[in-house]
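Dock chains B and C against chain A, hints included.
Protein chains in written order, with the working numbering: chain A, 21 to 292; chain B, 12 to 226; chain C, 46 to 263.
In case anyone wonders, no lab produced these hints; they're calculated from the structure. There may be inaccurate statements among the hints.
What the hints assert, rightly or not - Covered by chain C, per the in silico footprint, the following chain A stretches (three or more residues, Cβ under 8 Å): (1) 107-116; (2) 121-129; (3) 143-149.
What the hints assert, rightly or not - Output of the computed footprint for chain A on chain C, the stretches with three or more beta carbons under 8 Å from beta carbons of chain A: (4) 161-171; (5) 177-190; (6) 254-263.
Said to hold, decoys possible - Ranges between beta-carbon positions, derived for each pair: (7) C:Gly127 to B:Val56: 56 to 66 Å; (8) C:Gln226 to B:Arg140: 50 to 60 Å; (9) A:Ser110 to B:Trp50: 53 to 63 Å; (10) B:Ala61 to C:Tyr227: 31 to 41 Å; (11) B:Arg140 to A:Asn239: 54 to 64 Å.
Beta carbons: idealized from backbone N, C-alpha and C, even for Gly.
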Amino acid sequence: MNRMHSPTKMDDSRAVLNIIGLSKSFGSLQVLDNVSFSVAAGETVCLLGPSGSGKSTLLRCINWLERPDRGRVLLNGEQVGVSNAGVVMSDRDLARMRMRIGMVFQHFALWPHLTVLQNVMEAPVHVQRRPKDAVREEAEALLRRVGMYEKRDAFPARLSGGQKQRIGIARALAMKPELLLFDEPTSALDPELVGEVLAVMRDLASEGMTMVVVTHEMNFAREAASRIAFMDRGGIVESAAPDVFFSAPATERARQFLQRYSAAADRSLASS
Amino acid sequence: MSYSDVLSIFSGALTTLLLSLAGIALGLPIGLGMALIRWGRVPAVTRFVAVYVSLLRASPLVTLLLLLFYGLPDLGIEIGPISAGVLALTMNTSAFYCEIWRSALVAFPREQLEAARAVGMRRSMCFRRIVLPQIARTSLPALVNEMSQLIKVTPVLAIVGVVDITRAAVRIGADTYQPLPPFCVALAIYIPIIFALVSVQRWIERRQARLEASA
Amino acid sequence: MIHDFGIVWLHVDLLVSGLANTVILSVSAALSALLIGALVSTVLVRRAHVAGHIVRCLIDVARCTPFLLFAYLIYYGLPSLGVRFDNWGAGMVALIVYHSAYMAEILGAAWLALPRDTIEAGHAFGYSGLRLFRRIVMPPLALNAAPIIGNQIIQIVKDSAFLTIIALPELTNAASAIQSQYFVPFAAFITAMLLYWALCLVVEAGVSVLGRMADARR
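Next comes chain A alone, as it looks inside the complex:
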C-alpha cells in the first residue's frame, strides 16, 4: 500500500481518516476550500461552525455522498471514491468502501418498509453478507444497548424522533464500521428527546469509537469530543482540544461564534 506524503502534521499510520486538499463548489458558491484534516483511531472530532461553513458538505464528502471537485479522502490508507489510478470508482467499489463507514442522518432515514429489527439487520446481511443468525443476535444486543429492544417489531413510522435516531445509531453500529459519521443527529429532534440520543453518543465516544460529528450541541462537544474542528466559510479555521477551544479560542471568528452561541444559550436559559 502506497503511503503518500500528506501535509497534515498527524502521523498517517495511525489515522483512520485522512482528508487532503478537499474542495467543492456548488455552481459559483465555493463551499469547501482546500480542506485537510485527519482523525486518529478512537478520536471523537466535533465539526462546529456557523451555518453555511461547509460542515455537512465536508462530512458527506467523506463517504462520497457529495462528490468533491478536488482532493482525496483516505480510509485507513485506502482511497474513497477515486481509485489509486485516479479514476472515479465504479458504484460497486464505492459501495464496498461505504460499507466500512457508518452514517447517522439528521432525519433518521430509516427504511420505512422494514421493522426496527429488520432495519438494523438489513445491511449486514445483504451488503456485508454475514450469516443471518449471528447478525440477528448482534442486532438484538445493539437494540438493547440503545434501549429500543422492546420496539424491535414495530415499524419506524410509529416511533418518535428520539427513538428513530437511536435505532439509526444501532443500524450504523451493526455494520461494525471503522468510522462513524454523524450529520447533525439531534437537529431534527424535539428538545426533550435530544438527551437520550446524546447519551448513546457519549457512551460510544468513551468506548473508543472513531467518530466525526457535525453538531450544534455545544455541551456535548465540550464533554465528549477529543478535538474540536471549527469551520468557517469553507475551511477549518481552528482545531483544538475542547477545553482549549471553549475557554480560549485562538481566532477571532471562533470567538464571535462562541459569543453568539453563549448569548443564545443564556437567552434560552432565561426564558425556560
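Just chains B and C now, with coordinates in the frame of chain A:
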C-alpha cells in the same frame, strides 16, 4: 386518399365529438345525483347505487354497448345505434363521475355545512350555494380527466354502426386497400383533441396549486 | 329470460375459455407493461437529459391515443409497412406498448415521490445497482403505487375487451359468439359483464391487501 375521403373522416370526427359531448352532458349530472344519494345515505337506494357504480366501472364499454344494442331489443325495447351509443357512454361515464363527486363530497368539511344550517339555510340552498361551487372547483381536474378518457373510448361506437371516425377510417381503408393513411388521419384528429383536454386539465391543476400555495 | 340464461349455462365452456383468454392476455400484458414501464421510467425521470424529454413526449402521445385506434393501426395498418401480426400478436403488442407508457408514468411519479433520505441511506450503507433497487427502492415504491397500478391493471382488463374487434377469442368475443348463435344477447352479455366485475373485484382485493401492508408502515 381523396378529398372526399378526408371529408368523411372529418364528419365522422364531428359525430364522435357530438356523441362525447352528449355523454358528458348527461353523465355529469347523473353522476352527481348518484354521488349525492350515496353521500346522503338514502336507505335502500344507496346500496343499489353502490353496486351499480361498482359494476359499471368494471365493465368494458364495448361489452356494455353490445349488451344495450343487442340485449335491449331482446327485452322488447327497440334501440338504434346512436341511442345505444349515447346510453352506453352515459352509463359508463356517470359511474366514474359518481366516484369523483363522491370523494369530493366525503372530503368536504363538515363545519361548513353546520354553519350553513345554523343560519337557517335549507338543504337545497345549502347544497347549491355552499357545497356545489366548492366541490366543482376541487373536482375539476379529475372531471376533465374523465372527459378525456371518454373521448378515448368513443371509437368503439363503430362496432354498432355509428358512423364515427373509426368507421369512416375502416371503410376508406377497405375501399382503397390502404388502411394506414385513414387511420393516421383519424389519429391525427383524436390526439390533438385529447391533448388539448389534458393540457387544460394540467393548467387547472397548476392554477389550483398556485392558489393553494398563496392562501 | 331464465331460459336464455339456461342456454348460456349450456355453453359456459365457451365463456370460460373466453374468460381464460382474457385473464392470460391481461396478466401477461400487465407484467410486461410493468417491466417495460419500469425500464422506461428510469429514462423518464432523467428530466434534464435529451432522452428523458423524448420519452416524455412519446408517453404523452400514447396517453392521448385511443386504444382501439392503436390496436387497429397495429393489426390493419402495419401490414402496409410489411409488419404483419395475427390477432393474438397484434392484441398483445397493442396492450403492452400502450400500457407500458402508463406504467412508466405511474412508476416515474412514484419514484419521484420517494423520500430521498431512504435512498441516500441505502447508498451510505453500501447498496448499489440491482441490490439497491430490489431491497431499498422497490418495496416502498410498490406499496405506495399499488392502488394506482391496480387501477391500471383493471384498465388493461377492460381494454382487452376491445380486441374482440380484431376477432381475438376473449370474453366479449365469446359472449358475442354465443349470442349470435343462440340468440340470447341479454343473458350472454350480462353474464360477461358479471365476469368482468368478478375479475375487477379480485384485482381490488389484491390491492387492498397491499394497502393494509402500506398502512402498517405509514
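* To do: Just pull the numbers of the violated hints for me, sorted ascending.
  => none
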